[in-house]
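Asks: Please model the entire structure based on the sequences and the hints provided.
Residue numbers for the sequence shown follow the UniProt record's numbering, beginning at 1 and rising by one.
Honestly, the hints are just simulated from the structure, not real lab data. Source: prediction; values computed, not measured. It is possible that part of the hints are untrue.
As the list claims (entries may be wrong) - Simulated DEER-style distance windows between Cβ atoms:
hint : residue 1 : residue 2 : range
1    : LEU140    : ALA182    : 27 to 35 Å
2    : GLY138    : ARG206    : 14 to 22 Å
3    : ARG37     : HIS115    : 32 to 40 Å
4    : TYR187    : GLU42     : 17 to 25 Å
5    : GLU42     : ALA182    : 32 to 40 Å
6    : THR139    : PHE29     : 36 to 44 Å
7    : GLU114    : THR209    : 32 to 40 Å
8    : PRO200    : VAL116    : 32 to 40 Å
9    : LEU119    : ARG56     : 25 to 33 Å
10   : ARG43     : ALA65     : 21 to 29 Å
11   : GLU114    : ALA207    : 17 to 25 Å
Stated by the list, open to error - Straight-line Cα separation of at most 25 Å, SDA-like style, residue types lysine to any residue; simulated pairs:
hint : residue 1 : residue 2
12   : LYS41     : ALA169
13   : LYS41     : GLY165
14   : LYS41     : ARG85
15   : LYS41     : LEU190
16   : LYS41     : GLU167
Beta carbons: idealized from backbone N, C-alpha and C, even for Gly.
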Amino acid sequence: MPPLALRQTPGSLRRGLLLGLGAMTGGLFGLAFVVDRFGQKERAVAAEVVVVLGARVLPGGEPSAALRARVERAVVLYHQGLAPRLLFSGGVGLHPPAEAHVMRELALRLGVPEHVCLLEDQSRSTGENARLCARVLGTLGLRRVVVVSDPFHLLRARQYFRLHGLEVATSPALVPGRTPRATDRFYWTLREAAALLLHPRVLLARAPTRESR
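Replies: This is the structure:
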């Protein structure tokens with residue numbers, strides 16, 4: 001049964017509101033499906049930099065499981081020769097130090113040379129990840145990146161990086177031995193879809209054309 005406020009409105013207006021609500025709901029769930037499918041596929045190709053997006057740092061500066069998985073995936077791509085540099089992106093969250101510094105230290109322990117590691121340690125959101133990484137990369141004349149993050153995050157991340165004129169491929173980081181619960185997967189993909197719908201400019205960002213390169 002429709003909410004009381006809808007039942008009290010004129011018939012044609014009520015029908016319009018219900019149709020609009022149905023369209024919005026269908027759009028949200030449809031986009032959530034796209035978000036989920038997109039993140040499950042490995043799309044990494046040869047690039048100039050692998051960009052690793054930050055995740056939670058635990059008390060004492062320990063990397064969370066998600067943060068560790070992202071770094072480990074990026075290190076695999078580096079050792080496969082997909083890109084000669086790694087850019088770690090993430091500022092200070094609930095616990096110091098900055099996510100970027102924790103990721104770099106982990107990458108060094110995993111055998112990545114220090115000179116290939118770049119840092120962006122001020123960002124606090126996906127939008128800031130993209131904007132500040134684009135600034136770092138711009139000073140080096142680099143444009144082709146592979147972005148590493150959790151599967152549900154990859155579509156929105158790609159769109160933000162495209163918005164800043166970068167050529168973007170993506171690679172999902174999966175926590176070894178952990179399959180997300182269906183409820184968690186549903187929640188996070190729905191959250192990402194809602195974030196995209198609330199920012200149409202990001203949702204509609206296109207890959208840069210040859211003329212814009």
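Asks: All the hints need checking, so say for each whether the structure fits it.
Replies: Hint-by-hint comparison with the structure:
1. LEU140 with ALA182: 27 to 35 Å: Taking Cβ atoms as reference, LEU140 and ALA182 lie about 42 Å apart, which means the hint is violated.
2. GLY138 with ARG206: 14 to 22 Å: holds, 19 Å
3. ARG37 with HIS115: 32 to 40 Å: holds, 38 Å
4. TYR187 with GLU42: 17 to 25 Å: holds, 24 Å
5. GLU42 with ALA182: 32 to 40 Å: For ALA182 against GLU42, whose Cβ atoms are near 22 Å apart, the range 32 to 40 Å is violated.
6. THR139 with PHE29: 36 to 44 Å: Holds, at about 41 Å.
7. GLU114 with THR209: 32 to 40 Å: Roughly 36 Å apart at Cβ, these two residues keep to the hinted range, so it holds.
8. PRO200 with VAL116: 32 to 40 Å: holds, 37 Å
9. LEU119 with ARG56: 25 to 33 Å: Violated, at about 18 Å.
10. ARG43 with ALA65: 21 to 29 Å: Check passed, 23 Å falls within 21 to 29 Å.
11. GLU114 with ALA207: 17 to 25 Å: violated, 32 Å
12. LYS41 with ALA169: holds, 11 Å
13. LYS41 with GLY165: Distance ~23 Å between LYS41 and GLY165 Cα, so the pair holds.
14. LYS41 with ARG85: holds, 23 Å
15. LYS41 with LEU190: holds, 18 Å
16. LYS41 with GLU167: OK: LYS41 and GLU167 at ~18 Å, within 25 Å.
Hints 1, 5, 9 and 11 from the list above are not met by this structure, while the remaining hints are.
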